[in-house]
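Novice: Each chain, written out:
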Amino acid sequence: MSILYALDLAGTFVFAISGILTAIDKKFDLVGAAVIGFVTAVGGGTLRDVLLGQTPVGWMNDLTYIGLVGIALPICYLGRGYISKLRRSMFIFDTVGIGLFTIMGLEKTLNLGLSPVIAVMMGIVSAVFGGVTRDVLCAEVPLIFRKEIYASACLIGGVIYLMAEQLNAFRDLNIGIAIAVVILIRYLAVRFGWHIGVKPLN
Amino acid sequence: MSILYALDLAGTFVFAISGILTAIDKKFDLVGAAVIGFVTAVGGGTLRDVLLGQTPVGWMNDLTYIGLVGIALPICYLGRGYISKLRRSMFIFDTVGIGLFTIMGLEKTLNLGLSPVIAVMMGIVSAVFGGVTRDVLCAEVPLIFRKEIYASACLIGGVIYLMAEQLNAFRDLNIGIAIAVVILIRYLAVRFGWHIGVKPLN
Amino acid sequence: MSILYALDLAGTFVFAISGILTAIDKKFDLVGAAVIGFVTAVGGGTLRDVLLGQTPVGWMNDLTYIGLVGIALPICYLGRGYISKLRRSMFIFDTVGIGLFTIMGLEKTLNLGLSPVIAVMMGIVSAVFGGVTRDVLCAEVPLIFRKEIYASACLIGGVIYLMAEQLNAFRDLNIGIAIAVVILIRYLAVRFGWHIGVKPLN
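Chains as they are written, first to last, in this note's numbering: chain E, 1 to 202; chain S, 1001 to 1202; chain Z, 2001 to 2202.
Hints were generated in silico from the structure; no laboratory data involved. Take every hint as true, because none was put in to throw you off.
Here are the simulated DSSO-like cross-link-like pairs (lysine-lysine), alpha carbons at most 30 angstroms apart as the crow flies:
(1) K26/E - K2027/Z
(2) K2026/Z - K26/E
(3) K1027/S - K2026/Z
(4) K2026/Z - K1026/S
(5) K26/E - K1026/S
(6) K1026/S - K27/E
One chain only, chain E, in its complex shape (with noise of 0.2 angstroms):
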């Protein structure tokens, strides 16, 4: 098992996780969690295939994905009971899986021959998307619009990893201080209110 396709079942199963636990706080009906939870989980890689036309979609070919999100929803159930403390690990859980999927999206799209550019881009999409969904699902402003730093963790992490393995920096760590580095800036702008915006004229 490679270690892209490692990273890939970890992120699955982490976001899956999150979108699970957020239908269960919002009382959503069994269907509609695992719905969501699909959708959280599968969502980012989705898009990022269809955008670069890399059809059927990933997990189409590999059931490994939906038996994932299979596994969280009981999991989830019958952990429901401490949902409010589960408040914080829906956050780790969340930033973990932003983590995974901004390499994950990145070198699949290096792979692909196109620009380092678009490569970080569909990193981004990845991470971000099926978040995007869930919340544009439940009918709220998308996370990302709001105040802390999350696309921009994304954004950080793949330019370090890109300029890491130009420069064969750390060799085989790249992956993971790269993973490290948008999990902590995620982790910190949260825990100490960062916000990147300029302060608007009035």
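We have chain E already, so just place chains S and Z on it with the hints.
Specialist: Chains S and Z in isolation, oriented as in the chain E frame:
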């Protein structure tokens, strides 16, 4: 004309009517009603085709689909005086539509050589995504996440169809029986307020 | 540089400005404004390319599109002090954008050998879908479903363009005349409150 093609046209027509009636009910203008009617009618099949890589998507190569929406439009406007009585019809048209599209999408996906699990999922996508898009465009939480059994009816109908095909159970009646199962489950679910949920703890 | 390419760049730039101004107006942060600007600018063409199977989608093979959004971003922020006066500009940029993109999308679809009906539809999709996505991401009912003539202006402009091409009417001026028609209809519709609707019975 093959049975699959006939089902597709019938599903398109009933979904177009369902979408246009919804738009009239929401007091959208004529163009808005045409767009919502078209999106509701072809949205599910379009997403299925895009995910499967069947592009240009189906309705682009056969103007019959657009023509059906064009026919549905004046029918709905001429009949809008009866619209308060049509709420029941909207529901019936929608229910027949999901039955037809579930089997359609499932068959199309199997024909591409993908797994039965994916085929059932693409059946559900074909059936429900038109309505999901309609609801998102109207800035509402999609119907399938609200109480009644909806995607689940498609799931059960799809699985019955696959099993009947495998067992060669009812021969040429498989399609009809599976569609009838979807419609019946959905009808009974709404009639008796069925709901698959896990009781929230509190 | 072909005329079509120049039109596409011009449309991208004006839509990026329209999207970024909207995001600033809604007090999104810098990243949100960049995303909304990019989605508004390339959303219509992206959906068109995906539906037509032209993947990787257009802007992936030419970084000029991303560069234009990058140029539009500081321009909008530096000019945001004038934003109350820019409401009129937002409208003008948006109107010029739909004119340019309608003809662009139509021509691209005809070049793939699809029917003129589909070409006009893809012209409308190219013109309006960026704005639709912008509105969905902001959790609003899309502009095109609200009162004024919008998609209809694209429809009329597209049909005039097709007829003029068929009749070889104005020779090289066809594109310019059709774009001017879209802009003029849209401008007059907003100026005089035009509205295509069927009176609700009640």
